[in-house]
Amino acid sequence: MTVLCFGIARDIVGQSKLTIDREGINSVEGLRHFLIETFPKFKEYTSFRIAVNQAFASEKDEVTNSDEIAIIPPVSGG
Amino acid sequence: MTVLCFGIARDIVGQSKLTIDREGINSVEGLRHFLIETFPKFKEYTSFRIAVNQAFASEKDEVTNSDEIAIIPPVSGG
Amino acid sequence: MEDNKLNIKLTNDPLNLSECYRFVVEPSCGGINAFVGTVRQWNKGEEITHLDFESYEPMAIAELEKIAKKAKDQFNTQKICIHHRLGKVAITEIAVIITVSCKHRKAAFQACEFIIDQLKKDVPIWKKEFLSNGSYWVNARP
Amino acid sequence: MEDNKLNIKLTNDPLNLSECYRFVVEPSCGGINAFVGTVRQWNKGEEITHLDFESYEPMAIAELEKIAKKAKDQFNTQKICIHHRLGKVAITEIAVIITVSCKHRKAAFQACEFIIDQLKKDVPIWKKEFLSNGSYWVNARP
Numbered sequence: 001m002t003v004l005c006f007g008i009a010r011d012i013v014g015q016s017k018l019t020i021d022r023e024g025i026n027s028v029e030g031l032r033h034f035l036i037e038t039f040p041k042f043k044e045y046t047s048f049r050i051a052v053n054q055a056f057a058s059e060k061d062e063v064t065n066s067d068e069i070a071i072i073p074p075v076s077g078g
Numbered sequence: 001m002t003v004l005c006f007g008i009a010r011d012i013v014g015q016s017k018l019t020i021d022r023e024g025i026n027s028v029e030g031l032r033h034f035l036i037e038t039f040p041k042f043k044e045y046t047s048f049r050i051a052v053n054q055a056f057a058s059e060k061d062e063v064t065n066s067d068e069i070a071i072i073p074p075v076s077g078g
Numbered sequence: 001m002e003d004n005k006l007n008i009k010l011t012n013d014p015l016n017l018s019e020c021y022r023f024v025v026e027p028s029c030g031g032i033n034a035f036v037g038t039v040r041q042w043n044k045g046e047e048i049t050h051l052d053f054e055s056y057e058p059m060a061i062a063e064l065e066k067i068a069k070k071a072k073d074q075f076n077t078q079k080i081c082i083h084h085r086l087g088k089v090a091i092t093e094i095a096v097i098i099t100v101s102c103k104h105r106k107a108a109f110q111a112c113e114f115i116i117d118q119l120k121k122d123v124p125i126w127k128k129e130f131l132s133n134g135s136y137w138v139n140a141r142p
Numbered sequence: 001m002e003d004n005k006l007n008i009k010l011t012n013d014p015l016n017l018s019e020c021y022r023f024v025v026e027p028s029c030g031g032i033n034a035f036v037g038t039v040r041q042w043n044k045g046e047e048i049t050h051l052d053f054e055s056y057e058p059m060a061i062a063e064l065e066k067i068a069k070k071a072k073d074q075f076n077t078q079k080i081c082i083h084h085r086l087g088k089v090a091i092t093e094i095a096v097i098i099t100v101s102c103k104h105r106k107a108a109f110q111a112c113e114f115i116i117d118q119l120k121k122d123v124p125i126w127k128k129e130f131l132s133n134g135s136y137w138v139n140a141r142p
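In the order they appear, the protein sequences are chains A, B, C and D.
Note that our numbering gives residue 36 to position 36 of the first sequence, counting from 1, and the numbers run on in steps of one.
Note that our numbering gives residue 75 to position 75 of the second sequence, counting from 1, and the numbers run on in steps of one.
Note that our numbering gives residue 51 to position 51 of the third sequence, counting from 1, and the numbers run on in steps of one.
Note that our numbering gives residue 137 to position 137 of the fourth sequence, counting from 1, and the numbers run on in steps of one.
Treat the hints with care, as some may be off.
[Stated by the list, open to error] DSS-like cross-link-like pairs, simulated, lysine-lysine; straight-line CA separation at most 30 Å:
(1) C:Lys120 to D:Lys128
(2) A:Lys43 to A:Lys60
(3) C:Lys121 to B:Lys43
(4) C:Lys5 to D:Lys69
(5) C:Lys103 to B:Lys17
(6) C:Lys72 to D:Lys103
(7) C:Lys44 to D:Lys72
(8) A:Lys17 to D:Lys66
(9) D:Lys120 to D:Lys70
(10) D:Lys69 to D:Lys106
(11) C:Lys88 to D:Lys5
(12) C:Lys106 to C:Lys69
(13) C:Lys72 to C:Lys106
(14) A:Lys60 to A:Lys41
(15) D:Lys106 to C:Lys44
(16) C:Lys66 to D:Lys128
(17) D:Lys128 to D:Lys44
(18) C:Lys70 to B:Lys60
(19) D:Lys66 to C:Lys103
Hints in this document: simulated from the structure, not taken from any laboratory.
Here the structure is a predicted model, which is why all the values come from computation and not from measurement.
Construct the complete structure from the given sequences, taking the supplied hints into account.
Written as structure tokens, this is what we have:
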């Protein structure tokens with residue numbers, strides 16, 4: 001599973017494309033828990049939403065390896 | 001007393017500078033009554049405000065021959 | 001209001017949005033709002049060929065200055081530019097441009113809308129609409 | 001929303017207000033509102049040297065299209081143009097331009113403000129502020 005990282009999420013993860021090779025992550029919620037456990041700085045530095053296939057996803061939404069997944073920290077355009 | 005006429009007021013009065021040569025007009029109210037009496041089309045066609053020295057005047061304000069007086073029909077700029 | 005914070009112009013020449021924009025840009029400002037009033041082809045189902053604006057110029061400028069001063073006081077604007085066209089104006093041409101800069105965006109929207117609303121109420125400028133079969137002064141009928 | 005009614009661009013090049021204005025002009029429209037977000041020199045008392053914007057581009061464009069569609073439905077806009085700068089942007093340079101044309105002015109103000117408000121909530125664009133003594137992602141702290 002590949003996860004795109006932007007803004008402060010890229011700084012926290014240390015790369016712009018994170019590859020997760022792990023069974024059992026099949027929902028947005030599951031992915032969020034995995035990310036916070038693996039990179040505890042998320043708790044300290046920022047909140048984030050998760051996008052699946054270029055749209056904001058709900059916690060219960062499914063994720064599969066073929067989805068385009070992205071970590072969306074608080075936006076600040078404009 | 002000279003009165004500047006704009007927009008529909010100019011059409012009603014038939015000139016852009018109306019000269020009034022008459023005793024007894026010394027307030028905005030008096031001038032308004034004179035104008036409506038002299039040009040009854042004002043009643044039919046439009047309402048108007050009166051400006052004295054380039055500012056909107058109240059009915060009780062004085063007018064003298066040395067003031068710059070103007071008929072201000074409903075504005076429609078913008 | 002200081003001269004370098006306010007730019008008011010009534011002119012027979014075409015108006016220029018870039019000029020009005022450049023006047024209000026400021027390093028202290030993050031939000032600029034612009035209103036541009038253009039000439040519509042249709043009004044209440046009738047086709048318009050063009051407009052003709054006339055103005056009581058010294059009073060129009062005095063009223064615009066009062067409105068700008070109120071906008072500055074109410075919305076803490078930095079710079080304000082108000083340009084109004086006079087004379088004959090064609091369809092899609094610009095009749096009026098208002099640009100306002102503020103530290104934050106909400107005030108810029110509010111101040112710009114306040115200025116155009118007040119302009120349409122109190123500034124002695126008159127618009128004559130020309131249709132294919134005649135012309136009339138807008139708003140003149142009571 | 002038809003392609004000829006909506007113009008969205010994310011670009012590393014300087015933005016151009018005239019271009020965004022020209023896109024929305026329409027004979028059927030009398031009111032055009034424009035919002036221009038420029039880079040402020042000061043934020044919360046700290047001096048900024050420049051900004052750097054990055055974006056999740058395909059999603060940012062998809063979100064902007066959704067926002068424009070909502071604005072059209074709510075405010076009956078005619079045309080909408082949204083240009084956002086990416087990369088390094090200097091003080092007083094333009095970060096974003098939104099232009100909206102409507103038949104009447106009030107809707108143009110409302111639609112333009114709606115779009116910038118929604119853009120700042122939901123469009124995946126991130127701003128890094130550079131000060132003389134460091135840099136940080138804006139809004140990142142919870």
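Hint check results:
Among the hinted pairs, Lys120 of chain C with Lys128 of chain D is inconsistent with the structure: their alpha-carbon atoms are about 42 Å apart, more than 30 Å. With a C-alpha separation of about 20 Å, the suggested pair Lys43 of chain A and Lys60 of chain A falls inside the 30 Å cut-off, and the hint holds. The hinted pair formed by Lys121 of chain C and Lys43 of chain B meets the criterion: a straight-line CA distance of about 21 Å does not exceed 30 Å. With a CA separation close to 37 Å, the supplied pair Lys5 of chain C and Lys69 of chain D exceeds the 30 Å bound.
Distance hint between Lys103 of chain C and Lys17 of chain B is unfulfilled; the C-alpha atoms sit about 46 Å from each other, more than 30 Å. Proposed proximity of Lys72 of chain C and Lys103 of chain D is supported: the alpha carbons are some 28 Å apart, at most 30 Å. Among the hinted pairs, Lys44 of chain C with Lys72 of chain D is consistent with the structure: their alpha-carbon atoms are about 22 Å apart, no more than 30 Å. Distance check on the hinted pair: Lys17 of chain A and Lys66 of chain D sit about 26 Å apart at the alpha-carbon level, within 30 Å; holds.
Proposed proximity of Lys120 of chain D and Lys70 of chain D is supported: the alpha carbons are some 15 Å apart, at most 30 Å. The hinted pair formed by Lys69 of chain D and Lys106 of chain D meets the criterion: a straight-line CA distance of about 18 Å does not exceed 30 Å. Of the pairs offered as hints, the one joining Lys88 of chain C and Lys5 of chain D holds, with about 29 Å between alpha carbons and a cut-off of 30 Å not exceeded. About 18 Å separates the Cα atoms of Lys106 of chain C and Lys69 of chain C, which keeps this hinted pair within 30 Å; it holds.
With a C-alpha separation of about 14 Å, the suggested pairing of Lys72 of chain C with Lys106 of chain C holds against the 30 Å cut-off. With a CA separation close to 24 Å, the supplied pair Lys60 of chain A and Lys41 of chain A stays within the 30 Å bound. The straight-line distance between the Cα atoms of Lys106 of chain D and Lys44 of chain C is roughly 17 Å, inside the 30 Å bound, and the hint therefore holds. A threshold of 30 Å between alpha carbons decides the hint, and for Lys66 of chain C with Lys128 of chain D the separation of about 40 Å lies outside it, so the pair is violated.
Restraint check for Lys128 of chain D and Lys44 of chain D: the C-alpha separation of about 15 Å stays at or below 30 Å, so the hint holds. For the proposed pair Lys70 of chain C and Lys60 of chain B, the alpha carbon gap of about 26 Å is at most 30 Å, so the pair holds. A C-alpha spacing of about 28 Å is found between Lys66 of chain D and Lys103 of chain C, which places the hinted pair at or below 30 Å, so the restraint holds.
Figure legend: structure checked against the earlier numbered hints; hints not met, in rising order: 1, 4, 5 and 16.
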